[in-house]
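Student: Based on the sequences and whatever the hints tell you, model everything.
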Amino acid sequence: MAQVIGDWSAALSLGAIHTSPMQRAKETVAPIITKHNLPLAVDDNLIEAGNIFEGKRFELGNGLLKHPEMWRYLWNPWRPSWGEPYEELISRMLKALFFARDNAGDKDAICVSHQLPIWILRSAVEGRRLLHDPRKRECTLASVTSFHLDSEGMIESVSYSEPAKHLLPAK
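Under the numbering used here, the first residue of the sequence shown is numbered 1, with each subsequent residue one higher.
What the hints contain is simulated information worked out from the structure, not anything from laboratory work. All values reported here derive from a predicted model rather than from experimental measurement.
Cut-off 30 Å, straight-line C-alpha distance, at most; resulting in silico cross-link-like pairs (DSS-like, lysine-lysine):
hint, residue 1, residue 2
1, K35, K95
2, K35, K165
3, K66, K56
4, K165, K136
Tutor: Structural data, given as structure tokens:
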């Protein structure tokens, strides 16, 4: 998948490549770095959102919802009470996006992040509610969510594509 994204990026005129410090993000961005011969900037603002349920199954049956001691984290789904507040997530993702924009000069920038931060930023920009069902996110592995900026460097639109869709498992 990473190689497909690297090939996809060949059409871009890149001035900056930024990534989350997580290893899988660095692996995803490696073919892009090779293709464009640009240095990598690691940005902590692109990290995955922290949450109490990380790595656990969030469902009935054998999942977290069967355990009453976990219910105390579910009191406010609009914040959310189980992890990083949405407003903080949006703020740091905007900071990362504008930092990459500033480092790219008049060229494009690529920021490699994770599903939840990307989806929450996109939802905020598009005016959708932030509380959502994670199974319904339009944000797959190695997908590309593009934030298009106007002549003043502000977000004017968002687009989405899946260059590596043919490599995803069938649903």
